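Participant: Residue-level listing of the chains:
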Amino acid sequence: MSLALKLLPLALFLALAGFLAKGLTLNPTELPSPLIDKEAPAFVVDRLPATDGQFDSRDMAGQVWVLNVWASWCGPCVQEHPFLTELAEQRPVPVVGLNYKDQPEDSLPWLARLGNPFSDVLDDRRGDVGLDFGVYGVPETFIMDKAGRVRYKHVGPVDGQALQETLLPVIDQLMAETNS
Amino acid sequence: MKALLLVWLLCLLPMLAPAQAADVLTTFENEEQSQLYFSLLKEYRCLKCQNQNLADSHASLADDLRREIRLQILDGKGKNEIDEYLVARYGEFVLYRPRFSAKTLVLWLGPFALLLIGLGSVYLTARRRKTTDREQQIAAMTKSSQAAEQHAARLERARKLLGD
Numbered sequence: 001m002s003l004a005l006k007l008l009p010l011a012l013f014l015a016l017a018g019f020l021a022k023g024l025t026l027n028p029t030e031l032p033s034p035l036i037d038k039e040a041p042a043f044v045v046d047r048l049p050a051t052d053g054q055f056d057s058r059d060m061a062g063q064v065w066v067l068n069v070w071a072s073w074c075g076p077c078v079q080e081h082p083f084l085t086e087l088a089e090q091r092p093v094p095v096v097g098l099n100y101k102d103q104p105e106d107s108l109p110w111l112a113r114l115g116n117p118f119s120d121v122l123d124d125r126r127g128d129v130g131l132d133f134g135v136y137g138v139p140e141t142f143i144m145d146k147a148g149r150v151r152y153k154h155v156g157p158v159d160g161q162a163l164q165e166t167l168l169p170v171i172d173q174l175m176a177e178t179n180s
Numbered sequence: 001m002k003a004l005l006l007v008w009l010l011c012l013l014p015m016l017a018p019a020q021a022a023d024v025l026t027t028f029e030n031e032e033q034s035q036l037y038f039s040l041l042k043e044y045r046c047l048k049c050q051n052q053n054l055a056d057s058h059a060s061l062a063d064d065l066r067r068e069i070r071l072q073i074l075d076g077k078g079k080n081e082i083d084e085y086l087v088a089r090y091g092e093f094v095l096y097r098p099r100f101s102a103k104t105l106v107l108w109l110g111p112f113a114l115l116l117i118g119l120g121s122v123y124l125t126a127r128r129r130k131t132t133d134r135e136q137q138i139a140a141m142t143k144s145s146q147a148a149e150q151h152a153a154r155l156e157r158a159r160k161l162l163g164d
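Sequences listed follow chains H and Z, in order. Numbers 1 to 180, taken from the UniProt record's numbering, label the letters of the first sequence in order. Numbers 1 to 164, taken from the UniProt record's numbering, label the letters of the second sequence in order.
Quick caveat, the hints were computed from the structure, so don't treat them as lab data. Just so we're clear, the structure is a prediction, and the values are computed from it rather than from any experiment. Incorrect hints may have been included.
[Claimed, not checked] Mimicking DSSO-like on lysine-lysine, the simulated pairs with C-alpha atoms at most 27 Å apart in a straight line are:
| hint | chain 1 | residue 1 | chain 2 | residue 2 |
| --- | --- | --- | --- | --- |
| 1 | H | K22 | Z | K143 |
| 2 | H | K38 | H | K153 |
| 3 | H | K101 | Z | K103 |
| 4 | H | K153 | Z | K48 |
[To be verified] Ranges between beta-carbon positions, derived for each pair:
| hint | chain 1 | residue 1 | chain 2 | residue 2 | range |
| --- | --- | --- | --- | --- | --- |
| 5 | Z | L105 | H | W73 | 37 to 45 Å |
| 6 | H | G160 | Z | F28 | 49 to 57 Å |
| 7 | H | T51 | Z | N30 | 43 to 51 Å |
[Said to hold, decoys possible] Now the stretches of chain Z that chain H is said to cover, found in silico as 3 or more residues with beta-carbon under 8 Å:
| hint | region |
| --- | --- |
| 8 | 59–67 |
| 9 | 84–98 |
| 10 | 139–145 |
Ideal Cβ placement from N, Cα and C applies to all residues, glycine included.
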C-alpha cells in the first residue's frame, strides 16, 4: 500500500476536524447577506416626521451611504446609538435611519431624547423595506457604494470596535472608489 | 359521569391549541392555494428562531413572511418563484431543503461520497486479506509437499539400504 493511501484517512480526519473547528468559531445568528455586491433594493417611503415628505433611495445614487435599521422597541439600538452618532460626525456620508415596525409616536420621542444622528428618518412601520433588505432582526446596518450596491452588512448593534475596525475603513474604501 | 366527561374534554384542549401559528389571514381562493401555502410554511426556516419553520414560529418576522407568501400565492406565484424571492433576500439558509447548486454540492453529495469511500476501503481490505490468505495457503501447501518429497526420498534411500 502506498504511503499516500495510508495517510488518506488521516487527511480526511484532519479536513473534517478543520471544518468542525471552524464551525465552533462561527456565530450562528450572523447570516451572510445574499445582497452583498448586488444592487440595493430601490424603495420610496415616507420620512419622519410625516411633514418631511418622501424619501427615494434612488436619490442616493453617486454617493456612499449608510442605512441603519432601528426601532424604539429595540434594546440594542440604544447601545449602538452613540456609535452611530460618532459615525455621522466622523465621515461625511448620509446615515439614513430606517424606523422598522415602529410607531412615530414612539420613535420620534426616542430620537428627541437620545439625539438624532440620522440625515433622514424613514417610516417602515409595516417592515416592507426591511423585508426587501432581508432584515431579520434589529439593529442591522448596511453600507451602499456609489453605484448603489450593498457592499457591507453589519448584524447587531454597532460598537466601538466594529465602528473603528470595520465600518469606517469600509466607508473610506468605498469613498475612495471612483464611480463605476 | 359529567365530571369525567369534563375531564376528558379538558384533556382534548391541548390538541386544539397548536392548530396553526399562522391563523391571521389564511383565506384563499381555492383549496390548491391553501395547500401550497401550508406546505410552503413548512419548507422555510424562520430566520429569527432558526430551528423553527415559518408555520411554527411566532416571531413577527415570520408573520411578515407568511403575509408576503400568502399575497404571492394569491398573485398566482408558484413554489419556485417564492423560493427565489426568499433566497434573494435571506440566502439559501432560509430553505430547509437547500437547492442543488455549486454551493450546496458538498452538502448533497458529501454523504454519498463518504459512503463510497467507506465501501471502497472495505472492499480493498477484504480483497487484500483474501490474497494474503491464499498466499499463506499456497506457501503451507508447498512446504508440506516439499516435506512429503523429502520423506519419500528418505524412504527410498532406506529401502535401497535394506534391499542391498
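Participant: Work down the list of hints and note, for each, if the structure agrees.
Facilitator: Evaluation of the provided hints:
no.	hint	in the structure
1	H/K22 x Z/K143	58 Å, violated
2	H/K38 x H/K153	12 Å, holds
3	H/K101 x Z/K103	34 Å, violated
4	H/K153 x Z/K48	17 Å, holds
5	Z/L105 x H/W73: 37 to 45 Å	42 Å, holds
6	H/G160 x Z/F28: 49 to 57 Å	50 Å, holds
7	H/T51 x Z/N30: 43 to 51 Å	45 Å, holds
8	59–67	holds (count 4)
9	84–98	holds (count 7)
10	139–145	violated (count 0)
Going through the hint list in order, the structure does not satisfy hints 1, 3, 10.
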